[in-house]
Every structure is written in C-alpha cells, then in structure tokens.
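A.B. asks: Single-letter residue listing:
2 protein chains.
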Amino acid sequence: MAMSRGMSRRGFVGGVAGALGAIGLTPRAEAWARRARIAGEVGALGPEDDYDAFAKLANNENPYGPSEAVTKAMMRAMKYSNRYGYPDSGLTEELAKHHGVKPENVLLAAGSGEILDICCSTFLRDGLLVGADPSYNILYSHATGLKADIVRVPLLADFRQDIPALIRATRMNYRDVGLLYLCNPNNPTGRLVTKDEVRQVLDGIPEDVPVLIDEAYHHFVDDASYATSVPYVVEGRQVIVARTFSKISGLAGMRLGYALAPRNLVQRMRPWGTGSINALVRYGGVAALRDTESQAWVKKVTIDLRTKTTRELAALGYESIPSDANFFMVNLKRPVQPVIDEFKKKGVLVGRPFPPLNEHLRVSVGTADEMTRFMVAFKDIMRAKAANDKE
Amino acid sequence: MAMSRGMSRRGFVGGVAGALGAIGLTPRAEAWARRARIAGEVGALGPEDDYDAFAKLANNENPYGPSEAVTKAMMRAMKYSNRYGYPDSGLTEELAKHHGVKPENVLLAAGSGEILDICCSTFLRDGLLVGADPSYNILYSHATGLKADIVRVPLLADFRQDIPALIRATRMNYRDVGLLYLCNPNNPTGRLVTKDEVRQVLDGIPEDVPVLIDEAYHHFVDDASYATSVPYVVEGRQVIVARTFSKISGLAGMRLGYALAPRNLVQRMRPWGTGSINALVRYGGVAALRDTESQAWVKKVTIDLRTKTTRELAALGYESIPSDANFFMVNLKRPVQPVIDEFKKKGVLVGRPFPPLNEHLRVSVGTADEMTRFMVAFKDIMRAKAANDKE
Numbered sequence: 008m009a010m011s012r013g014m015s016r017r018g019f020v021g022g023v024a025g026a027l028g029a030i031g032l033t034p035r036a037e038a039w040a041r042r043a044r045i046a047g048e049v050g051a052l053g054p055e056d057d058y059d060a061f062a063k064l065a066n067n068e069n070p071y072g073p074s075e076a077v078t079k080a081m082m083r084a085m086k087y088s089n090r091y092g093y094p095d096s097g098l099t100e101e102l103a104k105h106h107g108v109k110p111e112n113v114l115l116a117a118g119s120g121e122i123l124d125i126c127c128s129t130f131l132r133d134g135l136l137v138g139a140d141p142s143y144n145i146l147y148s149h150a151t152g153l154k155a156d157i158v159r160v161p162l163l164a165d166f167r168q169d170i171p172a173l174i175r176a177t178r179m180n181y182r183d184v185g186l187l188y189l190c191n192p193n194n195p196t197g198r199l200v201t202k203d204e205v206r207q208v209l210d211g212i213p214e215d216v217p218v219l220i221d222e223a224y225h226h227f228v229d230d231a232s233y234a235t236s237v238p239y240v241v242e243g244r245q246v247i248v249a250r251t252f253s254k255i256s257g258l259a260g261m262r263l264g265y266a267l268a269p270r271n272l273v274q275r276m277r278p279w280g281t282g283s284i285n286a287l288v289r290y291g292g293v294a295a296l297r298d299t300e301s302q303a304w305v306k307k308v309t310i311d312l313r314t315k316t317t318r319e320l321a322a323l324g325y326e327s328i329p330s331d332a333n334f335f336m337v338n339l340k341r342p343v344q345p346v347i348d349e350f351k352k353k354g355v356l357v358g359r360p361f362p363p364l365n366e367h368l369r370v371s372v373g374t375a376d377e378m379t380r381f382m383v384a385f386k387d388i389m390r391a392k393a394a395n396d397k398e
Numbered sequence: 008m009a010m011s012r013g014m015s016r017r018g019f020v021g022g023v024a025g026a027l028g029a030i031g032l033t034p035r036a037e038a039w040a041r042r043a044r045i046a047g048e049v050g051a052l053g054p055e056d057d058y059d060a061f062a063k064l065a066n067n068e069n070p071y072g073p074s075e076a077v078t079k080a081m082m083r084a085m086k087y088s089n090r091y092g093y094p095d096s097g098l099t100e101e102l103a104k105h106h107g108v109k110p111e112n113v114l115l116a117a118g119s120g121e122i123l124d125i126c127c128s129t130f131l132r133d134g135l136l137v138g139a140d141p142s143y144n145i146l147y148s149h150a151t152g153l154k155a156d157i158v159r160v161p162l163l164a165d166f167r168q169d170i171p172a173l174i175r176a177t178r179m180n181y182r183d184v185g186l187l188y189l190c191n192p193n194n195p196t197g198r199l200v201t202k203d204e205v206r207q208v209l210d211g212i213p214e215d216v217p218v219l220i221d222e223a224y225h226h227f228v229d230d231a232s233y234a235t236s237v238p239y240v241v242e243g244r245q246v247i248v249a250r251t252f253s254k255i256s257g258l259a260g261m262r263l264g265y266a267l268a269p270r271n272l273v274q275r276m277r278p279w280g281t282g283s284i285n286a287l288v289r290y291g292g293v294a295a296l297r298d299t300e301s302q303a304w305v306k307k308v309t310i311d312l313r314t315k316t317t318r319e320l321a322a323l324g325y326e327s328i329p330s331d332a333n334f335f336m337v338n339l340k341r342p343v344q345p346v347i348d349e350f351k352k353k354g355v356l357v358g359r360p361f362p363p364l365n366e367h368l369r370v371s372v373g374t375a376d377e378m379t380r381f382m383v384a385f386k387d388i389m390r391a392k393a394a395n396d397k398e
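Protein chains in written order, with the numbering used here: chain X, 8 to 398; chain C, 8 to 398.
Pulled out of the complex, with its shape left as it was, chain X reads as follows (with noise of 0.2 Å):
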C-alpha cells in the first residue's frame, strides 16, 4: 500500500503522455489522417458504435474534437480526476485577461447552457422572458419549466430578428421584463445581429432590464458588421454575455461555458450556478482559449463546407438562409419532418423541426465527408420525392 504521496495518478499519466507522443506534432490535417488510419485498433465501445457510424449534422457540434494540445491538457489532467476543485488551472483569470474583464466579472458554468439555465433561475422567478421566435430554444423551455411568460417576437421575413419589435415588446413589459433574449448568431437560422442593431437594443430599452446576449456561435463569424457585446459588460450595461467552449473548440461533452457580466449582475447569478465544471476541462479549457491556430482552421473549414454545400443545394433549386454558424437552414419547400425521417434511414442525423419553420431543414456542418454523405442523401429523397409527386 505504501505509495509516493501525490503519485500514483502521476505514474499513470505517463503511459498516457506517451501514447500522445506517438501520435506526434504533425500538422492538425495529417494527424487527424493518421488518427483515422490507426482506428482499426480500437475495440467496440457498445451499442453506442451504431450512433458513430451515423453522419452527426443535428446538434452543431465540431466533428473535430478538441485540438491535440486540448486533449492532451486534459488528459495531464486526469490526475485530478478525484480531487475537488484544486488545483483549479487559473481558468477563470485566463478569460478575464482575454477579454480585457476582471475575475469578478467571469462566472463559469457547465456549459453555456447552464448559463442560461442560471439566467432563467435568476431573472424570471418574477419575471417576463422576451425574445425572437423561433431562437434557442432551450431557453425557452427552461423558462417554461419554471412557469415564465414568454414574449415571443417573430423573425423578419427575411429570417432576421425583429429590432424594433424587440425593443416595443420590452418597453411595453417594462415592469414585468425580466430578462431579453439575443441569440447572436441566432440558432436555429445561423443569422446574426449586427453591432449597430445591439446599440439600438441597449438604447432602446430602459438601462437596468438585463440582455443575454448569447455568443455560442461568435466563433464563426466573418462579417465586419458584427461585433462581440463584450465591450458593454466592461461599459457596466446590465448585459450578460455567454460563450461556450462546445463549438469552435469542440468540447461540447466535457460542458464548460461562461458569462461575461458586470459584477452586480454575476452577484445576483452565482447563488443559481453549480460551479461544477469537471478537473479536465478546466485545464482543458485554458488550452483551448490559447490554441487559436485550432480555432482558425475550424473556422476555415466550417466555413467552407458551409459555402459549397449551400452553393450545390442552391444549384439543386434548394436556397439556404444566409449563415454566420456553423450550421444553415435550408428551404425544403415541404414539410421538414419526413425528410429528417428519410435522411435518418439513409444515415444522416440532420436538426429537427423548429416550428414555425416548418419547411426548413437545420444542416450542421460536419466533416467534408458527412458533407457529401449529406448530399448524396439529400438527392436520392428530393429525386424520389419529385417521381412520387409525378404520379
């Protein structure tokens, strides 16, 4: 039994260590490649391999995984996997630096969407919700869940948020808003809210109602008429900014997220946040914030498969929602739910409906190899569908 003190985890993330030198420093391409080849030497995990072999384009995930030196932080990690929240990798003062905030100002969470959840705990106990419609939305049904009202504004017609609806909406809720909603990319449609429209938002509506300005999708981003609604929360604006490391950085499963708020408004949230955001990811997440050569090329390649995709669907006669994420709408002239069926039967996970976009399909962009899966899936059902309404 007798052991080195603080060694024993040690010892085992050596092995570990080493097995991540075998893969090596290689270009990002080419060690994803070589990964892929050695894939043969894994042994089956379960039933769960029936979901791997699925093309995944439902949740917007990043088919990429976390970079290596993410994983490999995490892994380093793992030694701390039975102890509380020390040593605690300094995560918290990492993201107050990056974004020109103070510690005070960062709240950590499992997930962004705790930070919603904890936005709703905290806000709309007594409080009205208003938001656009259709948007994320677990948030609404998190809102639900505790018995808030709900002001829904509908999108434009051309899939934008409504501006000045919003801002009428919270004005003549005044005492009863809680809390407004900007998801900014708005999921489901991938459109963005420009920097001048949050302007309009934050002067149109009176000082001390609290935005969440949801950035889940900031990363994605390639528009010079957006900007991060960061520099409000260091203003001191009651704006409540959230991120997620799930997208760009790819670390969805391992759940770590954040709010950006002036302080009051973090006093206020923390009593309704866990803070329980596992040992890896915190190390996990502080790699991740630094590895922005990773986050450049997710960028590049979401993007691009983005842009051919909804190039090919368009010559199809199929029109997309123009994207700022790393997912798009498509416009299936037809009701969504037997194709998501069909595409399902044909291995390809693709979003589900979000009324009342009835006949838009939510496509994650996954890999360039899902992507053509997707295609290949895409015509067969729309061929088929065209002969059935032929007879």
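Quick caveat, the hints were computed from the structure, so don't treat them as lab data.
Take these hints with a grain of salt, some might be off.
[Said to hold, decoys possible] Just so you have them, the derived chain C footprint on chain X, three or more residues with Cβ under 8 Å: (1) 59-71; (2) 117-127; (3) 169-175; (4) 202-209; (5) 268-281.
Here the structure is a predicted model, which means the values were calculated and not measured.
Think of the CB as a built atom: it goes at the ideal place given N, C-alpha and C, for glycine as much as any other residue.
We have chain X already, so just place chain C on it with the hints.
C.D. replies: For chain C alone, coordinates are given in the frame of chain X:
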C-alpha cells in the same frame, strides 16, 4: 481533410487504450505501486505540482482516484468529448436497476452538490430549512445565498444528531418548512443516523415535508444499526436520497452524483438542474457502479487506516469522535485554526474549522503514506505546543 466518418477520435482512443494496456490488469495494489514507480516519466504540469506535494487530508476525497476499469471507460469515452448527451451510456437505467427504482425516480447531477443546490432552489424559495448544526455547510451556504431562513438544531453532547429536536423544529415550523436535511453519516462529524432514527423522523413529521437524506458517505459505513433510506423512495415517501461518485469511486473532479426520489419530487426538482454531466463520467459512472471489488477495497483500506490513526491519536491522549466515514474529527483540546496552519507548514492539508466545534480537527483518511506524514506532523506540532505551554 477527407476522413473516415466517426473515426478521428477512435484512432486517438486506440493510442490511449494501448497505453493503459501497458499498465495492465494486475491486482490493484501492485498496479498502483507500478504507477507510482513510473511517476518520474511525467512532465511538469505547472505550479500546481506544489499542490501535488501536499498530503491532502482536507476535502474527504478518495486518494486513490478512479479504478482502472473506470479510468479505461472514461478514456474510451473521450471520443465523445465533442458530442452532446449522445450516446449516453444508459447511466440512469443502470442506477434505477441498481437501486430497484424506476428511471423516473433518478435525477442525475454534476455531483451530489448539485443535488443539494437543486433542493435549495426547488424547496427553499419560499421555505425554511431545518437541519443539524454543524452539518454539511455547503447546503447552508447555498440556502443563505437564496435568502432562505434556517433552523439549526445543535448536535447532542456525543456529536450525534438530535432527532427529537429536529422533529420538534419541523413540527413547530410546519407551515414554513421547505426542507428537512439529514446528512447520514454526518459531515463533519462522521456520526451516523440509525435506521430507527430515520424511521422516527419520517413518522414524527407531517408526511408532505420533503426530507433530503444525504448519503454521500454511505459506502464507508460498517454498522448494523445503519441502513440506506432508498426503500422510503420506493414506498413513495417524500424522501430525496442524494448519492455521489466522488467518494467511494474517487471521481470528485469528474462531477457526478444523483438523487433518488418519488416521481412528484423529481418532477419538481428537474427544472432547477442543469443536466450537465460530462460525456466521460457518464461512462465512468456505469463502470464504477459495476466495480464492486474496487469499492470493497477502498472501504476496507479506508476503515483500516482510520482505525489505526485514531488509535495512535488516542494513545497520545487525543480522542476522536467515532466515525463511519472516510474522515474523522480529533479533539485537540485547543483552538483548531493555529494547528491547521502548522500542519500546512509541514506539507499536510487538513480540514478547515467547523464552528461551533472549534477544538476539533477534521482529518480525511488519505493513503497510508499520507497518514504517516499526518502522524509525524501531529506529534511535532503537539510536542512544540506542550513545550511552549510549559515555558
């Protein structure tokens, strides 16, 4: 960029599995010793290595970490680090089967701490908390954060919970009580509530008062007068049993716990939880539940070391409160804070003060090596104190 579908992470996992294979499946003690021997291969992680050098007896953690089976399950699940909840490992169903309840009676959480948070959010928004003092103070902190009132019932002279007084406090405040809390065994004392006492409580209070029974230390109990309260959940009594994988399974840093409760309570609690369990520990949890051999080993070595250490302390004239957990409290017969500081200087982290027990030191049971370091430091500190007292 072209990659086989679903393969990129699998190749990687193959490498890890290989590394783990090298560690092998020898009996546990040997395997741990081998890991300790190869510790020299590990590179530095950063300033947190200073923390590694401490004997860590402050947080009631499991010093051995997750077992090999659990570690391997988590490594294999690393391929899901970029995926939301799917595939989900069937953890809820496994827990239901294990405890003889239905899946609808299981609420997963990111540690049992989140279960405590959820109970506060669910039951204490307009309700009073009744519980022993001292008990697990994170619950009281959270309740205070939500501005809930708390009725604290002092422990008896033998440090057991005062069951008649808890019943009286609940009955006297019946209309206001949102939750009655029983930590069993209690933290920080380690003393248990017998099965007869639990029955007294449930028979002694109005049936609609939710009772949270925190069984975080359940697996370390070796006393025939004790029993889990899970059967009350099956009966449909308004009992919430909280459990964790942090202690017996060594997964504190991975954040996994759960509640077992009747359907009506789970439904009330669910909206206040995040459901934010990371992909790795969903698999680690299933493996841990099945690894009863490791649980038995951890229980045995912990009880043996607790017994050995408290006997050595008694031989020096320092009595401990009888404990049924992976920690104990020793009566220093002097204020505890200066002694805690002395321990830290000697590289041993021990528990913080738990007022009003201001002369009792809480010591978590670490490895044999850590307990030896604790005893050496204890003798030094107490000898120096005795010498100073004489002068």
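A.B. asks: With reference to the structure, classify each hint as holding or not holding.
C.D. replies: Now the hints, each set against the structure:
Counting residues of the stretch 59-71 of chain X whose CB lies closer than 8 Å to any CB of chain C gives 10, so the stated coverage by that chain holds, three being the minimum. Counting residues of the stretch 117-127 of chain X whose CB lies closer than 8 Å to any CB of chain C gives 5, which reaches the minimum of 3, so the coverage claim holds. For the stretch 169-175 of chain X, the stated coverage by chain C is violated: 0 residues have a C-beta nearer than 8 Å to a C-beta of that chain, whereas at least 3 were required. Coverage of the stretch 202-209 of chain X by chain C is violated [criterion: at least 3 residues with CB-CB distance below 8 Å; count 0].
With a cut-off of 8 Å between beta carbons, the stretch 268-281 of chain X has 4 residues touching chain C; three or more are needed, and the interface restraint holds.
In terms of the numbered hints stated before, the structure departs from hints 3 and 4, listed from lowest to highest.
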